[in-house]
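Q: Everything in the sequence shown is counted per our numbering, starting at 39 for the first residue and increasing by one.
What the hints contain is simulated information worked out from the structure, not anything from laboratory work. Any given hint could be a false lead.
Distance ranges between label pairs, derived from CB positions [claimed, not checked]: (1) Ala169 with Leu140: 33 to 43 Å; (2) Leu265 with Pro372: 23 to 33 Å; (3) Asp312 with Val199: 27 to 37 Å.
Backbone N, C-alpha and C fix where the C-beta goes; we use that ideal spot for every residue, glycine too.
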Amino acid sequence: MRRGRILLLVVLIVVIGLAMLYVAFGNLGGGGFSAISTPLPEQVTKVYFAAQNIPPGTTITRDMLGTFSLPPENVTEVMFSEGEEANLIGQVARFQLDQGTLITSAMIGGKVELPPPSWSYKVPAGMVAVAIPTDRLATAAYAINSGAHINVNVCITIVDVDPAFQTALPNYLSSMQDIFFPQDGRPLITIDATTQELPARQGRTELDPTFQKPIYVVPSEAQRPRLVCQIILQDVVVLNLGNFQLSQAQPVAAAPTQDANAPAVQSQAETKPDIITLMVSPQDSVALNYFVYSGAVFSLALRNPNDTSRVEAQSATLNSVLTQYNFSLPSKLPYAQNTRIDFLQPPLLPNDITPQQ
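Kindly produce the complete structure, drawing on both the sequences and the hints.
A: What follows is the structure in structure tokens.
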């Protein structure tokens, strides 16, 4: 009898628990089961970017492009979205487009809108490219090449000139006879001009120390120009050494057949560039043009690209180098070298000899 009561009590507890669970699930489900709601996907716009590095002047193709998604509110009119491929493919890159760069309308243009040389985009804004003559000595034995950082040295010569004539001193002299007054009253002056072969140069009067008489001294040669050198530009970047490649291929005449066993001879243009292009300010480009057409001699000094320092250099003249480097003036001795040396000649190096064609 007692066991039956316990069993009945357990059954009652189970029934009450099931009822409570049913009521609880009914309240949570709103009286019934419903499907789980999922958030709607956000609206996005796919825009184009450079999937690889695109050099300036390169025609853009579909393989160079990739897309990524942006919220519509972040997409501007200058971007290219899906459906606008016709406005992007076939255009030309105005600038260097690195991989991952979002392409905008300002970065591309039609072929007719672009200047022909693609290397013009390497010149920074506010700078210009100008070429000057050079050689092996001026380029540190061709250690200076495209992209190098250099200093530009210039040497010029100075002479004294007549302020009115603007000709080098001393002036030439001409003899003039006395003024003659004929009967008609018109004065006449006769001037005997000297010739270029035997010019009479302007000199000066000096007192002879031995005879104590004035003598007229004239120069034994023309005026010697005075040399001066100075650093005019510092930390200049080289755009190119030698000639740029022409945009249009030039027709080349057929070369005569050569012997296969003959040694290959490199062209002089390939081995000895005679021109270099620098990136400078517009004002410096004008100064370089002045030096080029005034007969100045350029010398380029290679520097470390990480060195951005500047120096206040002094001009190098005969007086400054003698003083700075402690040159002693040679004394006038009663003996001299057996071989007379009037001019210093640089040594002739084997590479300076141009092979005969």
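Q: Compare the structure with each hint and give your call.
A: Outcome of the hint check:
Checked against the hint of 33 to 43 Å, the C-beta distance between Ala169 and Leu140 comes to roughly 37 Å, which is consistent with it. Range check, Leu265 to Pro372: Cβ separation about 31 Å, and the 23 to 33 Å hint holds. For the pair Asp312 and Val199, the beta carbons lie near 32 Å from each other, so the given range of 27 to 37 Å is met.
The structure fails none of the hints (numbered hints given earlier).
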